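Student: Residue strings, one per chain:
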Amino acid sequence: MTCDHSAIVQHAWVIPALPLLSFALVGLVLRPLNARLAGAVAAAAVALSAALGWWLAFDYLQFAPPAEPLPTLIPWQVEWLRFQDGLRIDAGTLLDPASVLLVVVVTTVSALVHVYSLAYMKGEPGYGRYFAVLNLFTFSMLGLVLAPNLVQMFVCWELVGASSFFLIGFWYDRPAAVAASKKAFVVTRFADLGLLLAILLLGQAAFDVRTQLGASAGDSQALDFAFLGRADVLAALAHQAPVLGGMTALTLGCLLLFVGGAGKSAMFPLHIWLPDAMEGPTPVSALIHAATMVVAGVYLVARAFPLLAAADGVLTVVLAVGTFTALFAAAIGCTQDDLKRVLAFSTLSQLGYMMLALGTCGGGDPAGRSAALFHLFTHAFFKALLFLGAGAVLHAAHTGDVWHLGGLRRKMPLTHALFLLATLAIAGIWPLSGFFSKDEVLAAALHGGHPLVFAVGLGVAGLTAFYMARVYLLVFWGEPRREASAHVHEAPLTMVLPMGALAVLAAVAGFVPVSRWVALPGTAEHAGIDWLVAGPATAAALAGFGAAGWLYGGDLGRSDAAVARLGRLYGALRHKFWIDELYLWVARKVMFRLVAAPIAWFDRMVVDGTMHGVGLLTRLCGAGVQAAQTGQAQAYAAWALAGGLAVVGLLWAAGRAG
Amino acid sequence: MAENLASGATGLHAWLLVTSALFSVGVYGLLTRRNAVGILLSLELCLNAAAVQFVVFNAVRAPARVDGAVMALFVVAVAAAEVVVAMAIFVLLYSRRRTVDVTDLTGDGPGHAGGAP
Amino acid sequence: MPTLALPELLVLATALVVLVADLFVGQVGRRQLLPVALVGVCAALGALLAVVPDSGELLGGRFAVDPLGWWFKLALLGAAAGVLALAQPAWQGDGRAGPTLANRGEFLAVLLFNLAGMLVVPSARDAVTFYLALETATMPLFLLVAWRRNAAGAEAALKYLVVGALASAMLLYGLAWLYGVTGTLDLTAMAGRLPATPAAYLGLGLVVGGLGFKLTLAPLHFWAPQVYAGAPLPVAAWLGTASKGAAVAAVVLVLYRVAGPHAQGWTLAVALLAALTMTIGNLGAVVQTNVLRLLAFSAVSQAGYLLVGLCGATRDGAAAVTYYLLVYVVTNLGAFAAAAVVHHHTGSQDLAAFRGLSRRHPLLALAMMLALFGLAGIPPLGGFTGKFFLFAVAAQADLHGLVAVAAVNSTVSLYYYLRIVRQMYIEPDDSAAPATPTGLLPGLALVTATAGGIALGVVPWFYETVRAAAAGWP
Amino acid sequence: MGWASAMVVLPLATAFAVLAVPAARAAWIRWVALAGTGAHLVVSGLATAAYWQAASPDADFARTATAGKLYLVERHAWFPSLGIEYLVGVDGVSMAMVLLTSLVIFCGVLASWQVRDRAKEFFALLLLLVTGVFGVFVSFDLFLFFVFYEIAVLPMYLLIGIWGTGRKEMAAMKLTLMLMVGSALILVGFLALWWAAGGRTFDLTQLARFHYDPALQHWVFPVVFLGFGVLGALYPFHTWSPDGHASAPTAVSMLHAGVLMKLGGYGALRIGVYLLPEGARDWGLFFMALTTINILYGAFGAIRQTDLKYFTAYSSVSHCGFVLFGVASLNLLGAKGAVLQMVSHGVMTALFFALIGMVYGRTHTRMIPELGGLARTMPWLATCFYIGGMASLGLPGLSGFVAEAHVFLGGFFGNPFAPVAWTRALTVVATLSVVVTAVYVLRGLGAAFQGPVRDPEHLRLGDATLTERLSTGLLVAALVVAGVLPGLLIDLVEPPLFAVVNRLHALPGGP
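Protein chains in written order, with our numbering: chain A, 18 to 675; chain B, 1028 to 1144; chain C, 31 to 504; chain D, 173 to 683.
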């Protein structure tokens, strides 16, 4: 079977189009009329596109016999923006294993979150607005995933950022939420600047290459991934003259590209916005800040992988940043009190995992890429589940502080069970999905020749298990530590069912041969489970569990003692190494006080003052002219005589001259 | 100039010296006399200097014609008219200000940028 | 055949009629003398339009009419009509400003004699006629300025007289030198014989200087503010329009007819004079709070603009100057007419007298605003096109610096014109002054001036005809 | 009367119609104005159709055009002896600007629905002003161009002086005088160009066929560019704009920031670069640097502003910097970006000022610290504000992104006559504004519309009325359409820009 037999592959654009349509419908028409209806329509639209997404994946997987790699197709594209010949930007749908995989993830999680929100957001004033923006986000994310060129990706990249901004700031009357939304937008915007510059740089370089290639370039445009991925183009780019500090446009561009990705995926040191983003409604955190948007950075790197691989040294940077973030965030996660923040840092750490995996491909074996996408796939499900579980807890107890909760397992048995499953999944316990993906990531690190990274990865696995078990125990075991958590009740069915669905996915996702599908040519095939990796990983996880159980399982005094023993290190971790404060200081003191304020002053005082000064000067001269009006008739006469003689002199001078 | 005048009758230079002196004296007086009448007299000197110069040039440059002399006559007439007008104004001024000393007339001076006279 | 001088003769006749009639008609009848004079001027105007050919000679070529001179006469007669019209309130003397003209018939007679002299200036073809015409065009002004018979008027008149006396002396002495170096009094013949010798420069320079006094070129302008403010308002208008027109005619006559061949020599001088004059005028006007002083300085700057057109002594230059003179007369008349009405009703020459005018009398304010914008050179008014053509002349002479100075200057001028507009439109109307009846004749003048100002800006016929008239010029 | 003339005659006729409204029927005034401007909006649309019909037959006219071709031309001799003509016509760029103008004035009339004090004079002057603007865009004779240019500037004095707020007299005078100085420079340049070309014609298309002496171009170009730059808020001649915009009444700010400031970029491109390619070659890099300052300076200046109008005015300085930056980068991308930015910023800033006027009308304050939480009571206004804000920080899907992307690419591809490293460095610096803009937009809007309601009085205020919804809705729609379907605009404006760029590329040393 080939692609033109499949209606959905031909018309994959329908999948993003549906949420967009419902965004317009809900936002413009339904929202003012009937909020409930608006929510229902929004959820229905996304559910429909989810169904189409599964259909698409199903059809697409038929295109190649199991042995061969799956094809890359652009079944549909139209001209959108014509910069100039060779720099035309098309809107289109690029279908390859990675994008199809992401379509499934995005649509599914989004649909489930929509359904979940129907109950979770009930009674909110901005109900309709919420669903409209959620639709917009879904559309943008799908557009990002399906982008056939760098610019469409950037466009949707910005749109997801904007919708994330509006959703974080959903409760716009809460200063904290407003601040968080601003922070998220500005920090990611700063990173997007890198992406923008990368587009300019690569666009210009690729345009030159395209001009050199001449006819053989065909109709492919400079910024198409297809064009950028061509071997001859990559070779030409790699051999261009260096543009800055000995780096070619390719290297520099790829670094900037990664900066953009790091911003979206909240890599250190651009991670500060993600924990604050938890001010938004929990379902939003589940969808945007756990499952989909934050992985856009990983997806970008995976998408532009040929470029990064061709650029020397970039992948090493990716590896370093990813590894550090994984460890750093996991460590901080162990010390946070707010349930959602712990999950946020866990997300950071897992994203670090994915980047790490991508970074391991420097050696030439792109196995890490497959691993990263695989982990992205599984992580989406169990992390979304964790957030939705947390949401259920918040919904019931109206607090996320683990020290106020406790003993919820009796009041909320279903939530408890699902949360436990997700915890095990993320910790990487066989046979849950996390086990397999984490195994592949670590394997990639080991076989990629990065034993140190492998060791760190193991450590992170242990920490992951530790902080997850910590919150799990504090929330669901023991006795209620506050009044709020005493009278909680199980979440309504509309919230539990989506969680159930996610739980199923989180459980079985590991058995999907994702990494084989998405494998690039040249990926070393290693069948089955590599116990050399899985063994230590599982051991680390169990160790983490054990530690957490000992500290938080029974008498909490032990944990206090441990905290005391850690002392200063604990404080540093708890305050996230004061990085937010550093940023704040830079923004307030440097940007506003030292740049903006002086400029505003300079403008009013100096520049505008000069203009007023000219006016004043004119008036002064006028006063001078008036002052010459002494009233002395003979002075006037003398002037007149002088004038006459001056004319004589001028004539004389002119006469002598010519 | 000197040479193409020298082509005329001798003594032209002398005449020109006279007229120039006359004119200069007039101008000097016009600029320095404080009494308006004195200024008027100085003006007459200037005009007469010009008139004389017309006659002289007539005699030297175009002895056949009389136009320079005619001009001189008209100058005299005009001068007379000028005196009449001037005197009228002096009288008016004296009746209003009790002075014809032009340096006392500092209307228009500093601070007169505004206000209706 | 005297039809050539018919306008001048009609004006003189009217002057005599008024003078004589003044002796016999009573106080009531005197009120009707101004309309009579106006009729006479209009008759002269009609004669000019109807019967005067656009070229011809009288008195053995001592009095000649050429196409461009015809336009000058048109401007002068128009100015006279306008001034007489706007003088009506002052003539009736029933306003707060009091009977500034004390409706005495001599006023009209003197004015008309003065006009007759001015009319002859563009026609003068020999030094005698030229000199006499100029004196006739100047001396009566001394009397008119003092017409209110108050101290301020007398003082202003005296200063005017002193400077004027020196100027006429310079003029005459300069003419004497020109006669000396050329040996002829025939201006046209002079042109051919004028040598490039210091004596010639001396003569020419003194003549230009003498005329510069009438034209209020800096630094011969000092008399202007006090005279404008001290004279009766109609006389100020007369000084600002007709007198200046005659001066321009004289300067054009001297520089083009007599010194045309030496244009290269005097272009620089003229350019510098122009720049200096417009700058001094504008700067002086910036700080004035008395409308008439402001208009006086503005008149100085306008003289500078007029001079710009003389650079290079080209045919376009002659056309541009003549055209701008028309524009200037019409526009300035509009401004003075409005000022006259306001002055008549408020008795104040202060800028504040215009406060809130746009609410009391929208049309009057509109006319004043259009006149001021015309003076500032805002399109689509004649003031803009006129200036544009003047600047074009300078550009043709590659004097781009002068163009820049002039253009920036017109911005400065806009500042003080807008100060009046602000009084009329922006400041609240807190004056107790009643709604301002304009009166028939001033109203007529305002309408004509405004319409003319716009027509000159957009209707090409005027400029094209003037330019055609300038055909005979270098 | 042809289409192009109609562009000018219609608003003028409307102005007179407004004046003709009997005093007893004061309520009719704004309806007449609305009808006139609405009709103009329709006519502009029809004119665009007519333009397409006329232009489409020229096969591939875009790329091969060496001299800009005019359409819907009307030509009458005016002052023949100096070669002055009444020459009006349109090409893609002017068509786009005309559309923009007619949209903005229509929304402007709607936005000034509440004007009661001397309404007749107000609308008449507004329409006179816009007549001048339309005239500038359709006239291709430099004299005519200049006439309309000044007609477009001067009514501003009265509009601000009479109906303005705050230190209006000072602001009005400063604005008028600075713009007039600019036009004085332009006049000098025009006359020099006219005379150097033989003094026979002011026809832009004919002057374009004349090759000016490089020495002349070297001094005329900066004069003309600065002259237009004053109106285009070129640093450091931008200081009239904050005060002017802050004191002007709503519709005037809309029109002035939305359209009038575009005359600067339009003229700089249309006349400066088009007629004086060699001058542009000599000065391009200099002006790129200057406009880079514009971009960042305006953005940083906006951060500290507390008055919503000053805030918007400074962001206008920054955005107009993009226009001139694009012009100065002397390549197709830059020029296209400049024109797109003109349209985009025109709509965006008109929207901003309309909204500010509406907020001010309700809260009677424009000081951001006194506002806050307005989104609760005025969701519509808040939404429009945020859409506008997103457009101004270049969010894709809204018009701003397309324009800025062009400008940045243009700068990055580089002024063909300058070392590419320099233009790239300047462009990189300019791109920083993307972040700064985000900072000040979110700060300002966040403080004004989000957070808790500061003033309990504000809880009793209502949301936009119908007319307000109509005017803001139209502008927002324009932003979205221009952002989602950029092709429409690009196809319109590209051909004439080829004419400009081809002249540059024909130069020795060009690409």
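Treat the hints with caution; some may be incorrect.
Stated by the list, open to error - Far from chain B, some chain C residues (derived; all Cβ distances over 10 Å):
#  : residue
1  : ASP52
2  : VAL58
3  : ALA77
4  : GLN122
5  : ARG134
6  : ASN180
7  : ALA187
8  : LEU188
9  : VAL192
10 : TYR203
11 : GLY213
12 : LEU298
13 : LEU470
14 : GLY473
15 : ALA501
What the hints assert, rightly or not - Here chain B is said to cover these stretches of chain C; the calculated rule only asks that three of the stretch's residues, wherever they fall, bring their Cβ under 8 Å from a Cβ of chain B:
#  : stretch
16 : 60 to 71
17 : 158 to 164
Hints were generated in silico from the structure; no laboratory data involved. Being a predicted model, the structure only gives us computed values, none of them experimental. C-beta atoms are modelled at their ideal positions from N, C-alpha and C, and glycine is treated no differently.
Student: Does each hint hold? Answer for all of them.
Tutor: Status of each hint after checking the structure:
no., hint, in the structure
1, ASP52, "holds, 18 Å"
2, VAL58, "holds, 28 Å"
3, ALA77, "holds, 27 Å"
4, GLN122, "holds, 20 Å"
5, ARG134, "holds, 14 Å"
6, ASN180, "violated, 7 Å"
7, ALA187, "violated, 5 Å"
8, LEU188, "violated, 6 Å"
9, VAL192, "violated, 6 Å"
10, TYR203, "violated, 5 Å"
11, GLY213, "violated, 4 Å"
12, LEU298, "holds, 22 Å"
13, LEU470, "holds, 26 Å"
14, GLY473, "holds, 24 Å"
15, ALA501, "holds, 31 Å"
16, 60 to 71, "violated (count 0)"
17, 158 to 164, "holds (count 3)"
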